[in-house]
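Spelled out, the chains give:
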Amino acid sequence: QKEVEQDPGPLSVPEGAIVSLNCTYSNSAFQYFMWYRQYSRKGPELLMYTYSSGNKEDGRFTAQVDKSSKYISLFIRDSQPSDSATYLCAMTPNSGYALNFGKGTSLLVTP
Amino acid sequence: DARVTQTPRHKVTEMGQEVTMRCQPILGHNTVFWYRQTMMQGLELLAYFRNRAPLDDSGMPKDRFSAEMPDATLATLKIQPSEPRDSAVYFCASGRGQGRDNEQFFGPGTRLTVL
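These protein sequence lines map, in sequence, to chains L and F. For the first sequence, counting from 1, position 42 maps to 42 in the working numbering; every step adds exactly one. For the second sequence, counting from 1, position 50 maps to 50 in the working numbering; every step adds exactly one.
Worth flagging that the hints you see were computed from the coordinates, not collected in a lab. You may find that some hints are simply not true.
Claimed, not checked - Derived lysine-lysine pairs resembling DSS-like cross-links, with alpha carbons at most 25 Å apart:
1) L/42 <-> F/11
2) F/78 <-> F/11
3) L/2 <-> F/62
4) L/67 <-> L/56
Make a model of the complete structure from these sequences and hints.
Here you go:
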């Protein structure tokens, strides 16, 4: 079993919908949690970065971490066709260099 | 603006040939990572360096893969001999450190096809 699990989708939603993307993990040492967005034929780019538990908001994006449940989420409000991409969660312990990635969820936002 | 660069962007080769992929990390970043991405396995960490020294290459098939950092501005990943199962997109990423500083910046990738 991988340390980080993520439903690969694909997830298809209409424009304007609220999108919820999730990851679960098994290593309680993970302290830093990230969401990367990857457009087709591009490298992943960092979207959101959170430390420990709690919420972080940036524009239409909200990242949530629930360490007690080992569960993280990314919410996208008012989704746009330009949000169509693969979203990868990643996490690392306090003293780690390597990131542990989920396999990514493919999202399609239709006009 | 600062970004990770990778060459070549695409590579098609025949089984048994040597493949060399190059990466220029962002200036000032002292941690460099090599990843491989496939549909089946997702993003897999192959190896990474800190201050040019290899820290972990446990994700790499040792018999055919090798990774080096000849200097702070160049990281290389070699496959010799290449096999069809090596077909994937190979990403290089660089960062500044661990924990809170472990934001990794990815290059555009090298799309490798081994026939």
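Worksheet item: Between residue 42 of chain L and residue 11 of chain F, does the CA-CA distance stay at or below 25 Å?
Response: OK: residue 42 of chain L and residue 11 of chain F at ~16 Å, within 25 Å.
Discussion item. For a C-alpha distance cap of 25 Å, please report whether residue 67 of chain L and residue 56 of chain L respect it.
Written reply: Between residue 67 of chain L and residue 56 of chain L the Cα gap is close to 14 Å, so the pair holds against 25 Å.
Item to complete: Would you check the hint for residue 78 of chain F and residue 11 of chain F, treating anything up to 25 Å between C-alpha atoms as holding?
Response: holds, 13 Å
Worksheet entry | Hinted pair residue 2 of chain L and residue 62 of chain F, Cα distance within 25 Å | holds, 22 Å
Hint violations for this structure: none, all hints satisfied.
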